[in-house]
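Using the hints, position chain B against chain A.
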Amino acid sequence: MAGKSKTIKVDYLARVEGEGALYIRYDDHGVHEVQLKIFEPPRFFEAFLRGRDYTEAPDITARICGICPVAYQMSALHAMENALGLVPTEPLRNLRRLLYCGEWIESHMLHISMLHAPDFLGYPNAVAMAKDHPEVVQRALEIKKTGNALVRLLGGREVHPINVRVGGFYRVPGLESFQALRPQLLEAHTLAELMTRWAAGLPFPHCEQSYECVALSNPSEYPMNEGRIVSNRGLDISVKDYEKHFREQQVPHSTALHSLLIERGAYLVGPMARYNLSYPQLSGEVRSLAEALGFRAPCNNPFKSIVVRCLEVLYALEEALRLIDTFQPPDEPYLAVEPREASGCAATEAPRGLLYHRYAMNEQGKITFAKIVAPTSQNQKTIEDDLRLMLPKFMHLPEQQLQGLCERAIRNYDPCISCSTHFLQLHLQHEPKRIS
Amino acid sequence: MSQKESPERWLLVSLGNRFRGDDGVGPYLLDKLRSQLKGSADFLESGNDMVTLVGHWKDRQVCLVDAILSDEQKSGELIRADGLADIIAPSNCTTSSHGFNLREAVDLGRVLGALPRRLEIFSICAENITSCDCLTAAVKLGAERAEQELLAFLQGDNGQS
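In order, the protein sequence lines correspond to chains A and B.
Per this note's numbering, the very first residue in the first sequence carries number 1; after that it's consecutive.
Per this note's numbering, the very first residue in the second sequence carries number 1; after that it's consecutive.
Excised from the complex, chain A in its bound form:
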């Protein structure tokens, strides 16, 4: 009601990982303040790493996230290898890509089916959705299980893999182990196509945004483990120059740092950014399906990211099959290296987007410096901007619906504030109408 200040509180917004709150101050003239408040305590991983051996970084950083530990391991490995001048052989590189495929599959399917899809169908959670759409959840679980199987085979276990090390792997499974996964991958591929078609038919709010998309780019393949950092607005840099172009800043309402492109501001990382920048590198089959469904890149509606995630799952399954079919065992499971005083950095594409690591070590190989920039901190400012730009178009909605839409807008990003059970509180404050 105009003339009265209103506050809406949602105590438990589930299906978001981490502890945070959202504050929006608006009136009939527009949105005045949007704050994605992250009050989860800092986790001090960069400090924990100091003094630890460089070989421990992949296993320690994997603990940052239970859903995308492979991403943390891969960025740490590549950064250490960059520091030590180690270049993995092609077979090792392919195995790492295969492991990453597994993680994309499992992480994306978790988000699509358990966290995001209920939003579109009006269910409070996946269990409620499963009562009416059991086939969707069953399909998703089957696909996710395939991703888990890949991670288990190469990583030694499904969660927090233990088989990767600087230089390669502790042990490389034999060809027969990979081939044994083929039937499961093929079945998952069929299911993923069905899932993509289903997701493309969901009702999407009209919400076209204008993003600076940032992702790794590699002319020969869809990006996972390496590439230059590029954007759709002309950025094209080597990973080593990341910190010359990106800056983290403290904001009062968040314990997580906001990352900005210097002199340009907010940017988008994640599946949509990758999709928009590397669409030609997707397989012909994935592109054909995307085009048939009317989802050709670029995609700038964040609500449609659910379809992009499905297409990335389909691609990851195809890529996993290709890597298995062309599997060449490495001569050695890992390349040996001696520590020395050095520093290095790397970025890889976590399911949620660009993940940057930089380390320095002393001559004994003890870590003296660590910097980790996670995808969610890079997207925080963009999430706030989405809300700021989106809200005026939906002011006509009843407050409860508007609130639901804000929650959905946050979930578009699959934000991973931390890896424990926490919830997000939403406060919408409607200010009195101003009389000009």
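These aren't lab readings, by the way, just hints derived from the structure by calculation.
Among these hints, one or two may not hold up.
Ranges between beta-carbon positions, derived for each pair [as the list claims (entries may be wrong)]: (1) B:A85 x A:I162: 31 to 37 angstroms; (2) A:K131 x B:R117: 50 to 56 angstroms; (3) A:E263 x B:Q73: 56 to 62 angstroms.
From the three backbone atoms N, C-alpha and C, an ideal C-beta is built for every residue, glycine too.
Only chain B this time, still in chain A's reference frame:
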């Protein structure tokens, strides 16, 4: 987990984080039991990903080991529950990922017809869950008792009931 899963064999699942003190009692027990039950049970260190459990436990006989925090029980104390017959205690629902916990995993399994045939929950009361990779003395002692009880249970029960 073994590549040759058998519905007749027990699937032992641990929840919890090895690097969070007593929260690691589940993985600790799994390590101890793996060598003693080699070949006769399957093992899954699940961390906090409950969705994975739903994908694995359908029609299996599952024994789940987890740490819990309780104001009413002593550190190291073992609490057993039937996960299918009993209401799962809130203390067993604090481990989760993306807000999806054990109770929701059971609910989802029920909706999808993907429940385990049996779900035996062994919970050990934790004392310290800060960052470290060791158990407190009370929980270690409790883990030894739990190990014996688990062994007796699994070896005395062929899972055919």
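Hint by hint, which ones does this structure get wrong, listed from lowest number up? 2
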